[in-house]
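Chains as they are written, first to last, in the numbering used here: chain A, 1 to 114; chain R, 115 to 458; chain S, 459 to 811.
Hints are computed from structural coordinates only; laboratory data are not their basis. Keep in mind that this is a model prediction, so the values were computed, not measured. Hints may be right or wrong, so weigh each one.
[What the hints assert, rightly or not] Pairs of lysine-lysine residues, derived as BS3-like cross-links and limited to a Cα-Cα distance of at most 30 Å, are as follows: (1) Lys199(R) to Lys345(R); (2) Lys573(S) to Lys282(R); (3) Lys331(R) to Lys21(A); (4) Lys345(R) to Lys21(A); (5) Lys647(S) to Lys282(R); (6) Lys702(S) to Lys371(R); (7) Lys643(S) to Lys371(R); (8) Lys702(S) to Lys21(A); (9) Lys702(S) to Lys360(R); (10) Lys356(R) to Lys619(S); (11) Lys21(A) to Lys336(R); (12) Lys795(S) to Lys282(R); (13) Lys708(S) to Lys10(A); (14) Lys108(A) to Lys371(R); (15) Lys509(S) to Lys625(S); (16) Lys617(S) to Lys360(R); (17) Lys345(R) to Lys643(S); (18) Lys207(R) to Lys179(R); (19) Lys588(S) to Lys643(S); (20) Lys643(S) to Lys360(R); (21) Lys360(R) to Lys21(A); (22) Lys178(R) to Lys256(R); (23) Lys734(S) to Lys619(S); (24) Lys702(S) to Lys345(R); (25) Lys783(S) to Lys282(R); (26) Lys360(R) to Lys647(S).
[Claimed, not checked] Footprint (simulated), chain A over chain R, 3 or more residues, beta carbon under 8 Å: (27) 154 to 166; (28) 336 to 347; (29) 358 to 368.
Note that the Cβ used here is the ideal one computed from N, Cα and C, for glycine as well.
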Amino acid sequence: MEKFGFSILKARHINYDSNDKSIAEYISEREPSFRICIECGCCTATCTTGNFTRFSLRELQILLKRGENESVREVINKCMLCGKCTLACPRGVNTRNVILLAREAFQKRLKNAV
Amino acid sequence: MPEKKHIAVIGAGAAGMEAAGQLARSGYLVTLLEKDGQTGGHVKDWYHLFPDRRDSKEVIEYLKKQAGHKNVTLRTGITVQRLEKNNGLFVIKTSGDGEIKSDAIIVATGFDLFRSERKEEYGYGIYDNIITSADLETLFRKNEIRRHNGEIPRKVGFIHCVGSRDEKVGNVYCSKLCCITAVKQAMEVKKHIPDARVFCFYMDMRMGGAMYEELYKESQEKYGINYIRGKLSEVSENIENKLVVKVEDTLAGRPLKMELDMLVLMAGMEMSKSGLDLARSSGLQTGENRFFAPADHHFGSNKSKTDGVFYAGACTAPMNITDTISHARAAAADVIDYFRNQES
Amino acid sequence: MQQDGKKRIWSDYQKEIADDHFFYVRSCIRQSFFPGSEQFFLHFMRDILGKDVYENPSHTTCTGIGYHGDVVPLATIMTVVARHFALMKESGYKNIAISCVTSFGIYTEIIETWKHFPEELEKTREYLYKATGREFDVPENMAHTSDIIYKFRNEIAEKAKYKLINKETGEPLNVVEHIGCHYSKMFPKYGVGGAEFPNVLGGMIDSWGGKVIDYPERRHCCGFGFRQYLVQANRGYSLSNTVKKFESMKPFKPDFVLTNCPGCNMFMDKWQYTMKEMEGTVYGENGESIPILTYEELAGLVLGINPWDLGLQFHMVQSEPLLKKIGIEYDPDNKFKTKDGRQMPVPQNLINA
């Protein structure tokens, strides 16, 4: 590789078909309101954690739904479970439960295999 | 006396049939002109109508009753070529060297669906398994949704804003109904194929009518429709004859690639060609979006700039069936007002 | 796939291509890397078709690489282009035949700029006059040389000695056609067939018996890009884009790739060597790499011209497997000999050799 001085880049597409969406399915089965999110960002706007660190619940739930679980696994633990997001959500998504279920799913499925 | 006044209604779609019926019931004589062989315009081609998913046949039945009033003379297969005004009377020149005289005119020439072949990068008419929303309604009616090779599609995508909100095809306006149609059709696909995965690729979700937002929520909650915010840039076919779509998942901030079995293009509404021809031949003004320009946006949306010529329905702007029927009734009221003002 | 849909689009994008009396402007890269191509074009037009193709020895590079690489400013390149138009005017030619797709893009971009901003045209007249004392007219017809070969593809098909058919199986060869981005993506109306389903190379392949392959990344840029590859570390970006195209076309088993842009041809040819060295990957069947041909080289092969006179031996990926498939006769001993029979040094590390 050194003799060329450059390398081949990895594509940054979300490859929807090959991604594992089982975490999102786990949450969806146990908390149906997970499905009716419209990604408005109200939760993220009011979030306590998001004040000073990069934490967007809106983004995290999309990444889960697309199967980009690795981007979510550690980050989701930053949530302080204060519940402000659930208060704010205009659709009535039980966001607090979504977060708890996500953490549960990650713990149960250590290798993300269905 | 009201019986002596005669109105010509051009176009026997929802607007034309309703306007004709309203005027007939008020005692006027109406000639309803239609260029095709049958009445019913676009409504007759739809399957179930939003928001309550009732069968379009019921609406057609209602419209036929309206237009079937004894004061209405229906003439099909007639194309109106030019409108002329002589001493307060209108002369309508039609195909076959015909001539019809009337005291007022309602133009209800409706809309044409955007021809999706014009959006070349979407490959309509080139790649198999790409259909429009109108094509899908026909498949619903036949109760058979199949890929080109006869297989049942398991992954279906809906593309919003095809031919609308698009500088490249010359339609910068929003066609208003495609979003709700996509939601409705997505749910219907799931009903026909319960294990299908359905994706809607949208720029915005425009849910501006009665019960629209509720339907959107129902589609997510009960039918598991997936909504991805990102406009489709191009479609291609891979070696397994599946459609490969490239969108950006804007809310995740990354491009997304997906294989689909079938793609439905939500074709927008355009001013009808027959309406444009009539506008040019008869000096009726059109707006920048090529639909008829109303005399006034707020209290004159049925009036043209010519006294005695009125507009009804989607020839003025994209509108759903509910609004079209209301608009047609308003046109009838304007005609009656016009006659009343003439007498005084 | 429904061909009727494509035919409808092609009929929407018809282009006026001149018939004769061309002013020929050469390509920097093609002269160096694909020497047989331009030579064949002149031989075909002048000797076979009897057309008038004129080359002015004073014409220079269009400086397209410099312009796209941020080294040459817009005013300079407009003046350079204007100078070529002035040379055309002086020699009495109104039709320009452009060999390079980047040049083609430059010329169309500048002519469109002058249409929308006439003050730029006036300024350029002033610059050129002050710098060289020359005056110019905007050419009447602008064609890329692939457009011209496209126009005469049926004449080539009539005179063809070989067809693009696999001799053993009798099946048409699978051909990937790759159009340079600057050919039609900027101004679809200037490309035969438009930008989405271009037909300039597809038409040639169809007339000569081959089968055009449509694959998911057909429209994707090869990654040449000019500005980033000038810096060595950035070439990974160019390479990755070409890799993306090859991975997409591999399942379709193409027999060769046809291009009309020098940059694309060079990259798709050379990056196959790089990929083989870096990761051992090859994209053809049976451990072979895919030959990348220019349209002149393909036209020459079809007409029965000696492959070594077309310069195929100077590609990175050698074309012998393709020649065998078509049944073209060639002499392996003459491959690296000069015209008068002297032996040249034989390169090592050739692919497919």
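Verification of the supplied hints:
1. Lys199(R) to Lys345(R): 47 Å, violated
2. Lys573(S) to Lys282(R): 20 Å, holds
3. Lys331(R) to Lys21(A): 22 Å, holds
4. Lys345(R) to Lys21(A): Holds - the C-alpha atoms of Lys21(A) and Lys345(R) are around 23 Å apart, at most 30 Å.
5. Lys647(S) to Lys282(R): Since the Cα atoms of Lys647(S) and Lys282(R) sit roughly 13 Å apart, the hinted pair holds (cutoff 30 Å).
6. Lys702(S) to Lys371(R): The hint holds at about 13 Å.
7. Lys643(S) to Lys371(R): 22 Å, holds
8. Lys702(S) to Lys21(A): At roughly 25 Å apart (the allowed maximum being 30 Å), Lys21(A) and Lys702(S) satisfy the hint.
9. Lys702(S) to Lys360(R): 14 Å, holds
10. Lys356(R) to Lys619(S): 38 Å, violated
11. Lys21(A) to Lys336(R): Distance of about 19 Å is within 30 Å: holds.
12. Lys795(S) to Lys282(R): 54 Å, violated
13. Lys708(S) to Lys10(A): Distance ~18 Å between Lys708(S) and Lys10(A) Cα, so the pair holds.
14. Lys108(A) to Lys371(R): 29 Å, holds
15. Lys509(S) to Lys625(S): At roughly 33 Å apart (the allowed maximum being 30 Å), Lys625(S) and Lys509(S) break the hint.
16. Lys617(S) to Lys360(R): 43 Å, violated
17. Lys345(R) to Lys643(S): 19 Å, holds
18. Lys207(R) to Lys179(R): This hinted pair holds, its Cα atoms lying about 28 Å apart.
19. Lys588(S) to Lys643(S): Distance of about 34 Å is beyond 30 Å: violated.
20. Lys643(S) to Lys360(R): 18 Å, holds
21. Lys360(R) to Lys21(A): 19 Å, holds
22. Lys178(R) to Lys256(R): 23 Å, holds
23. Lys734(S) to Lys619(S): Not OK: Lys734(S) and Lys619(S) at ~34 Å, beyond 30 Å, violated.
24. Lys702(S) to Lys345(R): 22 Å, holds
25. Lys783(S) to Lys282(R): 44 Å, violated
26. Lys360(R) to Lys647(S): 24 Å, holds
27. 154 to 166: violated (count 0)
28. 336 to 347: It holds, with 4 qualifying residues against the three required.
29. 358 to 368: With 5 residues closer than 8 Å to chain A, the segment 358 to 368 of chain R meets the three-residue bar; holds.
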